[in-house]
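Undergrad: Listed below, chain by chain, are the residues.
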Amino acid sequence: AQRVTQPEKLLSVFKGAPVELKCNYSYSGSPELFWYVQYSRQRLQLLLRHISRESIKGFTADLNKGETSFHLKKPFAQEEDSAMYYCALSGNYGGSQGNLIFGKGTKLSVKP
Amino acid sequence: NAGVTQTPKFRILKIGQSMTLQCAQDMNHNYMYWYRQDPGMGLKLIYYSVGAGITDKGEVPNGYNVSRSTTEDFPLRLELAAPSQTSVYFCASREKQGATYEQYFGPGTRLTVT
Numbered sequence: 002a003q004r005v006t007q008p009e010k011l012l013s014v015f016k017g018a019p020v021e022l023k024c025n026y027s028y029s030g031s032p033e034l035f036w037y038v039q040y041s042r043q044r045l046q047l048l049l050r051h052i053s054r055e056s057i058k059g060f061t062a063d064l065n066k067g068e069t070s071f072h073l074k075k076p077f078a079q080e081e082d083s084a085m086y087y088c089a090l091s092g093n094y095g096g097s098q099g100n101l102i103f104g105k106g107t108k109l110s111v112k113p
Numbered sequence: 012n013a014g015v016t017q018t019p020k021f022r023i024l025k026i027g028q029s030m031t032l033q034c035a036q037d038m039n040h041n042y043m044y045w046y047r048q049d050p051g052m053g054l055k056l057i058y059y060s061v062g063a064g065i066t067d068k069g070e071v072p073n074g075y076n077v078s079r080s081t082t083e084d085f086p087l088r089l090e091l092a093a094p095s096q097t098s099v100y101f102c103a104s105r106e107k108q109g110a111t112y113e114q115y116f117g118p119g120t121r122l123t124v125t
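Residue numbers (our numbering), protein chains in the order written: chain A, 2 to 113; chain B, 12 to 125.
Hints in this document: simulated from the structure, not taken from any laboratory.
Here a beta-carbon is modelled for each residue, glycine too, at the ideal position from N, C-alpha and C.
One should not assume that every hint holds.
To be verified - Distance condition first, Cα-Cα at most 25 Å in a straight line; then the derived BS3-like pairs of lysine-lysine:
{"no.": "1", "chain 1": "A", "residue 1": "Lys10", "chain 2": "B", "residue 2": "Lys55"}
{"no.": "2", "chain 1": "A", "residue 1": "Lys16", "chain 2": "A", "residue 2": "Lys108"}
{"no.": "3", "chain 1": "A", "residue 1": "Lys66", "chain 2": "A", "residue 2": "Lys16"}
{"no.": "4", "chain 1": "B", "residue 1": "Lys20", "chain 2": "A", "residue 2": "Lys23"}
{"no.": "5", "chain 1": "A", "residue 1": "Lys105", "chain 2": "B", "residue 2": "Lys20"}
What the hints assert, rightly or not - Counterexamples of contact, computed for chain B against chain A with all Cβ distances above 10 Å:
{"no.": "6", "residue": "Leu24"}
{"no.": "7", "residue": "Asn76"}
{"no.": "8", "residue": "Ser78"}
{"no.": "9", "residue": "Arg79"}
{"no.": "10", "residue": "Ser80"}
{"no.": "11", "residue": "Ser95"}
{"no.": "12", "residue": "Gln114"}
Same shape as in the complex, but just chain B:
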């Protein structure tokens, strides 16, 4: 049981390049989330998914896209990288049932856009 995994751990992109941040969980969780954390700031919600085939925007979705073709995977796509997207990206998941709302986090991907 690996929990939530993210790849890559680090990445440097040039302005205008594209990339996909991978996220997978093996806990059969329906809910999955993408957050970004800028230096000195709290995590902000980019996109979320309540199940396979269902995604929706969070607080800061501009410049990103997601898909959820399976319960396990929730990739985040950056189409035209910009310096403002330099951040640490965290993926998280939680169970559908239960009122505790505990989220399980991946280790993060540190992205630099230059």
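Bound-form chain A, shown alone:
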């Protein structure tokens, strides 16, 4: 079964503290993994994808196939990072390829 698990509903940290949002997945095959973010009153948007191995707004995420994880990390949180974060897996529903399977999301709150 294709599944994405985000164990934390809410993560609250102080500005300048490190952040790690956890994501585990279940997928038979080579997964494509993403982190999407939704800031207050904005639409869902792509933050980063594992295939690009990029750092966006100071966030990084490494795919660990052994642990089936794709945790999102940032060494020093900023108040503007406060948002809902969704981990997503590119599924293969009905052969469509490219539909996304989402976790339930983690709300990150960065306090001043």
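Starting from the known structure of chain A, fit chain B onto it as the hints suggest.
TA: This is chain B only, laid out in the frame that chain A set:
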């Protein structure tokens, strides 16, 4: 370039009423998707389309219908609204080519059925 647009932003329906949620994209994307998001849950796929004239069911299609007569538009139809359809609905699109599978989302439609 407006990206993905959805109308309406909000709607309240009575049980048994019907409505169509509109979705349009101006990026010439072949793939389009409808998701629903219930409170505290992730997005779930309702229907998808790989091009004009081609649609198929997703994970939670019951109570919905779609059509794709043009590349730009992908409306979602609720025929007999039920309280279980109270949710936020997101439309998304992506290019056919390319392996990144990045999807572009609309702002969402918040639907309440009472």
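Undergrad: Confirm or reject each hint.
TA: Evaluated hints:
1. Lys10/A <-> Lys55/B: 18 Å, holds
2. Lys16/A <-> Lys108/A: Since the Cα atoms of Lys16/A and Lys108/A sit roughly 15 Å apart, the hinted pair holds (cutoff 25 Å).
3. Lys66/A <-> Lys16/A: 31 Å, violated
4. Lys20/B <-> Lys23/A: Not OK: Lys20/B and Lys23/A at ~31 Å, beyond 25 Å, violated.
5. Lys105/A <-> Lys20/B: 22 Å, holds
6. Leu24: Holds, because the least Cβ-Cβ distance between Leu24/B and chain A comes to about 23 Å, which exceeds 10 Å.
7. Asn76: Per Cβ check, Asn76/B is outside 10 Å of chain A; nearest 17 Å; holds.
8. Ser78: 17 Å, holds
9. Arg79: Holds, since 13 Å exceeds 10 Å.
10. Ser80: 19 Å, holds
11. Ser95: About 18 Å separates Ser95/B from the closest Cβ of chain A, which puts it past 10 Å; holds.
12. Gln114: Incorrect as stated: the minimum Cβ-Cβ distance to chain A is 6 Å, not above 10 Å.
Going down the numbered hints, you'll see the structure goes against 3, 4, 12, while the others check out.
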